[in-house]
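Protein sequences, first through last, are from chains A and B.
Take 296 as the starting number for the first sequence in the working numbering and just add one per residue.
Take 296 as the starting number for the second sequence in the working numbering and just add one per residue.
Keep in mind that the hints are not guaranteed to be accurate.
Since the list gives no way to pick out one identical chain from another, each pair is judged satisfied if it fits inside one copy or across any two copies.
[Claimed, not checked] Simulated pairs of lysine-lysine, DSS-like, Cα-Cα distance not exceeding 25 Å:
#: 1; residue 1: LYS418; residue 2: LYS518
#: 2; residue 1: LYS353; residue 2: LYS305
#: 3; residue 1: LYS340; residue 2: LYS418
#: 4; residue 1: LYS406; residue 2: LYS353
#: 5; residue 1: LYS418; residue 2: LYS305
#: 6; residue 1: LYS428; residue 2: LYS406
#: 7; residue 1: LYS406; residue 2: LYS362
#: 8; residue 1: LYS518; residue 2: LYS446
#: 9; residue 1: LYS346; residue 2: LYS362
#: 10; residue 1: LYS362; residue 2: LYS423
#: 11; residue 1: LYS446; residue 2: LYS423
If you are wondering where the hints come from, they were derived from the structure by calculation, not from laboratory data.
Number of protein chains: 2
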Amino acid sequence: MTGGGDGELKLLGMWASPFVLRVKLALSFKGLSYAYVEEALFGSKSELLLKSNPVHNKVPVLIHNGKPVCESQIIVQYIDEVYTGTGPSLLPADPYERAMARFWATFIDDKLLASWVQASRGKTMEEKMERLKPTFAAIETLEAAFGQCSKGKPFFGGDSVGYLDVMLGGLVAWVHASRARHGLELFDASRSPLLNAWVERFSVLDETRAVLPDIDRLVEYAKIREAQAVDAN
Amino acid sequence: MTGGGDGELKLLGMWASPFVLRVKLALSFKGLSYAYVEEALFGSKSELLLKSNPVHNKVPVLIHNGKPVCESQIIVQYIDEVYTGTGPSLLPADPYERAMARFWATFIDDKLLASWVQASRGKTMEEKMERLKPTFAAIETLEAAFGQCSKGKPFFGGDSVGYLDVMLGGLVAWVHASRARHGLELFDASRSPLLNAWVERFSVLDETRAVLPDIDRLVEYAKIREAQAVDAN
């Protein structure tokens, strides 16, 4: 390790969270080792989490040498800026490309993921599909962005995985879980062929397989969460 | 200018927007000159805006050598990363402090500004005050963050204005407009004394005064916008 990159890393997470998965992916691609603390799925949050993220009380939190960093986009940028000499750079070197990567990361959160979460709370399959319309529209927009960012290469980051691959990569396990549970292809081969191929390409990388959760277990978890959400409607 | 910082800058804006004001403030503190294109308040959006920000169709857009950058947080980071040799650095040099600055910038947008906008759409003063409760809670949380970031110095950035000063600074004209219109003190001296003093300190800086809109004009604009929002309720 070089630069400011020495020291102890501890990740507070929850195994199924796409936001936590982003951080796990970033650490995996950077080749960094860390202690992992799993938050309880149900019941009260840990003292360590409440102390480390008093503003939002949410995972992921990365604790580096005792200092907590919160929110997946900010954590992944922090990892990349601190561990400059370790593993590949995730953010592009060029400021304009970096701005584009940040723009599309925000787009994924605000447009794609937000509507997908809303859809998962739909009571019936019909309601879910109706609520997925903006999700599919966002995926089509992101399909064009993939062409722009990757410049014909296999990843958003070009020849190797970068920031946006990790940001979207946090959702990949859920793409597989949607397919397994509902036969639903979110990154559909006809509407978003580039992203459809990207999902398969990203999923089989060693660094991805090392952190991706078991899909059957994710499907079981999704059933429990959706039942709770429907009850709360 | 040094680094990648040469070239033509054009800002697409709307004079009253706090997001546009952030970019104007960043350019002002960096001492950068630029062409400014005002979008029409009402009626259709310009071809240049639609072409430059096809995803969101929103100002601000900064066009640098013909290439558009969108969203105020991303634009200000871009300016700081491209014009490294011009004016002060806005983002902190230390990665952890940079992560904190990004965290609080997101907090300002998601918690403070979002609830404030909702409050402005309240039909009565009572409804507005009720909806302002989360805004005041966010300001009290930010008060503690100011102490953490400034380390007893006058600005979030320390001795000089930094990223978070510019992010919160975009709201300062609206703080003055709320006071002028409703006698409402958002950054109240008893609940948030540090931020209350910060508003006054930030407002009188030459670089701020150079870009801050006229408060009376802002009050008139707020009346028109709120009437429209109430109609649309």
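Enumerated hints in conflict with the structure, sorted upward: 3, 5, 8, 10 and 11
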